[in-house]
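Participant: Given chain A, put chain B in place with the hints provided.
Okay, here's what each chain looks like letter by letter:
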Amino acid sequence: SQTIHQWPATLVQPVGSPLSLECTVEGTSNPNLYWYRQAAGRGLQLLFYSVGIGQISSEVPQNLSASRPQDRQFILSSKKLLLSDSGFYLCAWSGGLAGADTQYFGPGTRLTVL
Amino acid sequence: GQNIDQPTEMTATEGAIVQINCTYQTSGFNGLFWYQQHAGEAPTFLSYNVLDGLEEKGRFSSFLSRSKGYSYLLLKELQMKDSASYLCAVTDPKAGFQKLVFGTGTRLLVSP
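Protein chains in written order, with the numbering used here: chain A, 1 to 114; chain B, 1 to 112.
Simulated from the structure, these hints should not be mistaken for laboratory data. Think of the CB as a built atom: it goes at the ideal place given N, C-alpha and C, for glycine as much as any other residue. Do not rely on the hints blindly, as some may be mistaken.
[To be verified] Distance windows between CB atoms, simulated:
1. B:Asn30 / A:Ser1: 23 to 31 angstroms
2. B:Thr44 / A:Thr112: 18 to 26 angstroms
3. A:Ser29 / B:Lys68: 34 to 42 angstroms
4. B:Glu77 / A:Asn63: 43 to 51 angstroms
5. A:Ser67 / B:Pro112: 44 to 52 angstroms
6. A:Asn30 / B:Gln25: 31 to 39 angstroms
The shape of chain A in the complex, shown without the other chains (with noise of 0.2 angstroms):
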């Protein structure tokens, strides 16, 4: 069964800081994936997604970007975070061997920023 992993599960960060959120897929093979934003209260935006190694497409311009080095892992970074970056951060997959369209949902990163 396919799995999806998210770290870390929390994170406090300074105004400027840099960040890096990471995700991996196992048990399948060239899924597609995706990172979501959601603001308290609001909801899902999608910020990036991702058809294959290093083919990566924005959503929404801002001050985050996003890399697939290898066919199953996903990172979500930022050079200088902002106070408008806190949220709750969603990694998702769809596809792969499956070939169907539901994208699943890894476990999050709650994200603050001071």
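Facilitator: Chain B alone, transformed into the frame defined by chain A:
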């Protein structure tokens, strides 16, 4: 673009039945998803409707009417653990990938 509307909050009693509605306006449509999200946790997949009609999965059922841009999630025999937010999401066929557009969710509170 896509626009999705859900009630912000609903309350119900343990053992009862509740229906959570979702309406959408889209420039195209491939399917509609329902997810459950407990406070502080990630969303978990509940159902996927592509064709009109009712899909039943145990205590949960989901209905879709593509001509009306309307879906609902029906929860039967409510339990306290069903207290959560329920997210409606539709696919964006113009995106060129499996893009989901999410509503802001309906917070369901189940009381004893």
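Participant: Enumerate the violated hints, using their earlier numbering and listing them in ascending order.
Facilitator: none
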